[in-house]
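Trainee: Take a look at the letters that make up each chain.
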Amino acid sequence: MYPSRFHYEAPRSLAEAFSVLQAYGDEAKVLAGGQSLIPLIKLRFSAPAVIVDINNIPGLDYHEEDSDGSLNIGALCRHRTLERSPLLRSRYPTMAACAPLISDPMVRTRGTLVGSLCHADPQGDWASVMLALGGDIIAQSAKGERAIPASQFVVGPFQNALEPNEIAVRARVPASKGTRSGTYLKLERRVGDFATVGVAVALEASGSTINRAGIALTGVGPSNIQCTEAEQALAGKTLNASTVEQAARLAAQAAQPKTDVRGSAEYKRHIVHTFVMRALSNQQQARAA
Amino acid sequence: MAQALDEVKIGGLGASRKRVEDDRFVVGKGNYTDDFKLPGMLHMEILRSPLAHARIKSIDTSKAWQMPGVHMVLTGDMAAQHNLAWMPTLSYDTQAVLATDKVRFQGQEIACVVADDPYIAKDGCEAIQVEYEPLPVIVNPYQAVAEGAPVIRDDKEGQTDNICYRWDVGDREGTERAFAQADVVSKIELHYPRSHPSPIECCGSIADYNAATTKLTVYMTTQAPHIIRAAVAIVAELPEHMIRIVSPDIGGGFGNKVPVYPGYVCSILCSILLARPIKWIEDKTGNLISTGYARDMYYKGELALRKDGKILAVRFHADTDNGAFFSDAQPTKFKIGLLHSAFACYDIPYAYMTAQGAYTNKAPGGVAYRCSFRVTEAMFFQERAIQTAANDLGMDQAEFRRINLVKDDQFPFRTPYGFLLDSGQYEKCLDVALNAIGYHDFLREKEEARKQGRRLGIGLSTMTEPLGAGNSREYDILGIKMFDCAELRVHPSGKAILKIGSKTQGQGHETTFAQIVSHELGIPAADILVQHGDTDNTPFGMGTYASRSTPTAGAATAMVSRKIRAKARKLAAHLLEVSEEDVEWELGRFYVRSAPNNGVTIQECAMAAYGNMPDGLEPGLENNAYYDPPNMTWPFAAYIVTVEVDPETGVWDVLRMVAVDDCGVRINPMIVEGQIMGGMTEAYAMSNMQFITFDAEGNCVGSNYMDYLLPTAWETPGFELHEVVTPSPHHPIGAKGIGECACVGGPAAFVNAVHDALDDTGVRNIDMPLLPHRVWEALTYKRDVSGAPPLKTDAD
Amino acid sequence: MEERRINVLVNGEPKSVDVEPRLLLAHFLREVLGLTGTHIGCDTTNCGACTVLLDGLPVKSCTMFAVMVDGHEVMTVEGLGMPSELHPIQEGFREEHGLQCGFCTPGMMLAAKALLDENPNPTEEDVRWGLSGNLCRCTGYQNIVKAVLWAAEKLQSEAGAISR
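These protein sequence lines are chains A, B and C, in that order. Numbering of the first sequence is given in my numbering, commencing with residue 71 and proceeding in unit increments. Numbering of the second sequence is given in my numbering, commencing with residue 741 and proceeding in unit increments. Numbering of the third sequence is given in my numbering, commencing with residue 151 and proceeding in unit increments.
Careful: at least some of the hints might be erroneous.
[What the hints assert, rightly or not] Below, in silico cross-link-like pairs of lysine-lysine (DSS-like), each with a Cα-Cα straight-line distance of 30 Å or less:
| # | chain 1 | residue 1 | chain 2 | residue 2 |
| --- | --- | --- | --- | --- |
| 1 | B | K769 | B | K955 |
| 2 | C | K165 | B | K758 |
| 3 | B | K758 | C | K304 |
| 4 | B | K749 | C | K304 |
| 5 | A | K328 | B | K1532 |
| 6 | B | K927 | B | K1522 |
| 7 | B | K1191 | B | K1522 |
| 8 | B | K1040 | B | K1522 |
| 9 | C | K165 | B | K769 |
| 10 | C | K304 | B | K803 |
| 11 | B | K927 | B | K1050 |
| 12 | C | K296 | B | K749 |
| 13 | C | K165 | B | K777 |
| 14 | B | K1310 | B | K749 |
| 15 | B | K955 | A | K328 |
| 16 | B | K955 | C | K304 |
| 17 | B | K1303 | B | K758 |
| 18 | B | K927 | B | K1532 |
FYI, nobody ran anything at the bench for these hints, they're computed from the structure.
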């Protein structure tokens, strides 16, 4: 597999990157980890005329909490870092559960969370996690910044809401409304596979009362699906057999799976139900203990 | 008295000698085909068809020709001018090298571009414009024989349907009589899905035609260089002595690197036309969608049973999907390979089998993927049928096998399909396996777990298989009989070079074949260099596949060593100044019978062969030997797997895997165990995830490693290995084939275990691979689940 | 044709080469530098045969452009050890029969090196997880796992000997 020719730019600052993007418009494609983009270019499914490699821009490889309690993940923060992050492990259980399930160790060395969101693959795991956490993506251009909610960031399969002159510089998870719990469950045919079904669950609670619930699905629709009704069914409630079952049922209803080589639509819907049940029951048990 | 040599210390038989191949591999100094760079070398890339069945209306290559760096754009019409648009297959069919009239499967070769580097060659391929007229597509053998099906092979004179062969074997009437007397008839229908051997290294070649000498040298990824030389001589109409095939290090073969592929032929033609070396290295998608697939067989069969568990007869029919070209590499006489070796390990009086092959719009192949000519298909069907029969009788599956296995005192045993089993201790192997797994304890555990809603299962697979083709009476490929040769040269200092016609792809021949010589002559294995893979410098051999290297080339190695020893005896007698009859042999040394301290080493004999030979004795110490095996070798295996199925998701995990293999005498136990574990991993893979399917349009689902799933270290279970040793009665050192047993017998053990976990549901069959959604569907709806193409999608 | 000068430290040796931007790192190593120990198995970032260490961390060299390693350090199997002085991981693979055809081995060993650099005393499960991006078709992995554990033990005892 051999890529087509392209022009290569490796800006050393965001300002330089913006002027490159300005010059080339939608002919340019931003390259961060490259673990989705480069395979597409090799297969010649994608042939951008210009590659803007942002790996040489300092100050984008971070993940840290702001003074307001929100978590910022820079455009060059790799999956590998997130997989090993004590911060995620102690305070962001949904993210901590998801990070090791992204592809394989080598891909995690290079690939980035922000790049994964931008790639907008309906089978991408991080987008579900960000939906469940109510996060947003900060797009920056020469003119300044704007925040795009995760729920509006993906506009279709492999299509995001960025303008050609913008770079997604960081993803942001808002401060928690209580103690966080949750997980990411992924049914994959083999380790490193794309999700047959992925379920992100993120709860924020005071005592046993859930202040905010996030539930989002991977692999069962044209893009990741936020299960708004299931979330609402849990908000302000406590976890018990009836609320758990109701949330699982509503999440399964929200899924829009298709029958393919990974299984029937019916099976995938059933897995959504099963995984939401499992994720919430585990939280319920953890709370009881 | 001289200290007797310790055979294990010198690296002889039974030594788990570390591999000499590893010295270069662990430092990255292997020499695989893609590692060679010849002066003036150009690079070739292939343009493939996106459609599965279409008439080619036009091919416009003008833009590609104009690209800087492009040297040649070869199309089928150009190849036809050299009589090379088509080539013969190893099964007496023909295959398109480059399509001229129409494309018959997705991925078929249409044109190739030769350029300064492969990037430019790829650019050139992209610039070729092909206009197609789509035709109806056939993706399984039932569609192929349905009324009104388009004739795929309209290139063949007289071909009016899509049937590519019909075959039958056994005693039809006797079998019918036996069925009439059955208490119970147990039926089973299933599909062995299409799979691909998929070595990590893809296929490739560097053709180097020297216009001055007219010698053609081809470096290529082939498991059978000598057969390839013969094939190239036939296809390219070149004199055989002016063709040199070099098969360097191979990154795995598993049967994928036996056939002749269009890419090889195109690189050769381009090299002849351009008088430059041409390198072609296939990409993974090209490998998966166009080269030798395996399996893709549909079976319907039944066993005639007596109430007490005795099997009276078996009959079955197999439909094979042969893809667009019948290109299996298998012995001429056997159109469906050795499928009739099914049920060989059971004492069944009557058997009858029929088979029919169909052309479809899928890649050609039917290669022996880590097996001896369709033996994997045979044993999988056998063991699924056996488990189903045990269930139908309400008998314990181990006991049912025990009743029917051929007993130790029955050898030699003629199977109803005509094979002659020569040795084995089947019941002992079964017992070792049952003890190792703790069979009865597990059955109790399973019962307890079931009460708590957990589903455990245990699966058995017992089988013998014919490995090591020929004999030459029955086995040939393209008319060339199947035997093998070894040539041994012992140099004056007692160091030796062994040359063999087989070719390792990871089996470790450079290590183990030296051990055979060491066993026969007492020369330390470290003093023996094994050469192979270069047709100019090695004797004829049929290649390495079908677990045939140790049974044939290994036997030839022992036999040539014995010839050397016989001559060395004459030299020893001369040196010891006694008559030959007074000389005795112990490992590495001849001595005078009456004076054991008076002796000479094999090394001293070697020196004498070049410096002190007796009058009248031809100088030198070298020879060759051909071994034409009187029979196959018949290893036996008993495999047991335990699993737990998650009823909510259909996901299943392997709890334990026990393998008992009887492959006769083990030359290098470490390597034998490596072969078993490798084969068992493929067995697990096929049962769990690894398959290729097609949608209704003939699109290959499984055209890269994102969709064609191979297990990693993470999910591959651990293996517990045990051995029983019953030497082969005809092999000079008693060895039997082993490279493929686990891949052949293993799949049924995994699949039977999952079915056992569902034994209260009435489900008779879920097709491989046992994907979670299939298991869930079977469990939820208590119904069988077919995996046959076309793939179900929402588009339907 | 556009070319770009890259400066990269490969197995400790500085290299300064003009390359086309579309040249993949794997091809740069194999074709430009002649380091053919790095193998190319698949094309879709799945098999790990082309694994090398980039600044000490494992990456798939078929999924990076050579221009991206400008200013960085790459280690290939040729830098792991010499025939006369094998790295304990190389020794482990030989001792435990951790390879057959040898094609996946360089990538497997470099993934193992990254694993042991981070976790010198891994469990079997750690090893299986650490190698979960590298496919082997021959061995069934059991001996590969043993090989890495063998190397871990040897590295530990060497480290112990030095610290004493």
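Trainee: Are the hints correct? Go through all of them and say.
Mentor: A quick look at each hint next to the structure:
| no. | hint | verdict |
| --- | --- | --- |
| 1 | B/K769 / B/K955 | holds (28 Å) |
| 2 | C/K165 / B/K758 | violated (36 Å) |
| 3 | B/K758 / C/K304 | holds (18 Å) |
| 4 | B/K749 / C/K304 | holds (24 Å) |
| 5 | A/K328 / B/K1532 | holds (10 Å) |
| 6 | B/K927 / B/K1522 | holds (18 Å) |
| 7 | B/K1191 / B/K1522 | holds (19 Å) |
| 8 | B/K1040 / B/K1522 | holds (21 Å) |
| 9 | C/K165 / B/K769 | holds (21 Å) |
| 10 | C/K304 / B/K803 | violated (59 Å) |
| 11 | B/K927 / B/K1050 | holds (16 Å) |
| 12 | C/K296 / B/K749 | holds (24 Å) |
| 13 | C/K165 / B/K777 | holds (21 Å) |
| 14 | B/K1310 / B/K749 | holds (27 Å) |
| 15 | B/K955 / A/K328 | violated (57 Å) |
| 16 | B/K955 / C/K304 | violated (51 Å) |
| 17 | B/K1303 / B/K758 | holds (28 Å) |
| 18 | B/K927 / B/K1532 | holds (26 Å) |
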